[in-house]
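J.: From just these sequences and the hints, can you work out the full model?
The number in our numbering is simply the position in the sequence shown, starting from 1, with 13 added.
By construction, these hints were calculated from the structure, which means they are not laboratory data. Virtual Cβ for every residue (Gly too), placed ideally from N, Cα, C. Certain hints may be false.
Said to hold, decoys possible - With beta-carbon atoms standing in for the labels, derived distance ranges:
#1 83 with 238: 36 to 42 Å
#2 47 with 239: 49 to 55 Å
#3 71 with 27: 18 to 24 Å
#4 73 with 165: 35 to 41 Å
#5 178 with 55: 45 to 51 Å
#6 62 with 163: 36 to 42 Å
#7 70 with 202: 40 to 46 Å
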Amino acid sequence: MRAPTVTGKVMAILAAFLPGDVRLTLTEICRRAELPPATGHRLVKELVEGGFVERLPDGSYRVGTLLWQIGAQAGGPRELRELALPYMEDLYATTRENVQLAVLHDDRALYVERLRGRTSVPIVSRVAGDLPLHATGVGKVLLAFAAPETVERVLAGELTSHTPNTVVDPVRLRAELEEVRRTGVACTQEEMSVGTCSVAVPVRGADGTVVAALSLVAWRHNADLRRLVPAVQAAARDLSRDLAASGR
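T.: Right under this line is the structure:
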């Protein structure tokens, strides 16, 4: 086996932050990057000096401002986010609930943007973070309209239970995906977080394919899905029209 290059080691260090952890210790970085402590320490030190990684007062590390600036230039997500924000802001103003936009990436739901207010239900998603497809509203929409091989791969993989309500039975999940394709709406009840519910719908590109999913996440005990579904559908329809007009 060929030894990893310096570039490969640096990429492994940066990829260590991908699971969504904001802060990591040097030990955690080295373990995830599979690097000896001495090598990890040397490379992380250079990344700190270059502005790609930041060392915090408690000795932990997080992604640096320079890396964030570079990442913000990613074409597809940035352009989608810029087009979607006005519709997401209008949707939030109408509902006062969490608004989320996600795309399919590596068999996960990658969150491109989210809006929330002081009274919105706490949620676990974060911008540039990802969550499983089977346990989230946006994820079920993205999976329902994904390529057949993607659906089969996800259903055959590990379907982790995040709450007692998470659907982990492949047969039941397959039936849910069929219903999402039929109705164009995915609803979840406490599948990712206890106390929450969500409604998600597809966002379509110029060629009619599903390029993203838009959702609202609210408190389960007082959410009125009859009010939320039409609101999120209208926002997704307007965004899809804008995407088509821009040729995306």
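J.: How does the Cβ-Cβ distance of residue 70 and residue 202 compare with 40 to 46 Å: does it lie in that range?
T.: Taking Cβ atoms as reference, residue 70 and residue 202 lie about 41 Å apart, which means the hint holds.
J.: Range hint 35 to 41 Å: satisfied by the CB atoms of residue 73 and residue 165?
T.: With a Cβ separation near 39 Å, residue 73 and residue 165 satisfy 35 to 41 Å, so the hint holds.
J.: Within 45 to 51 Å or not, the Cβ separation of residue 178 and residue 55?
T.: holds (46 Å)
J.: Measuring from beta carbon to beta carbon, are residue 71 and residue 27 in 18 to 24 Å?
T.: holds (21 Å)
J.: How does the Cβ-Cβ distance of residue 83 and residue 238 compare with 36 to 42 Å: does it lie in that range?
T.: Given a distance of about 40 Å, which is inside 36 to 42 Å, the answer is holds.
J.: Using the beta carbons of residue 47 and residue 239, state whether their distance is inside 49 to 55 Å or not.
T.: The hinted range 49 to 55 Å holds for residue 47 and residue 239, with Cβ atoms some 51 Å apart.
J.: Indicate whether the distance between the beta carbons of residue 62 and residue 163 respects the range 36 to 42 Å.
T.: holds (41 Å)
Comparing the model with each numbered hint stated earlier shows that all of them hold.
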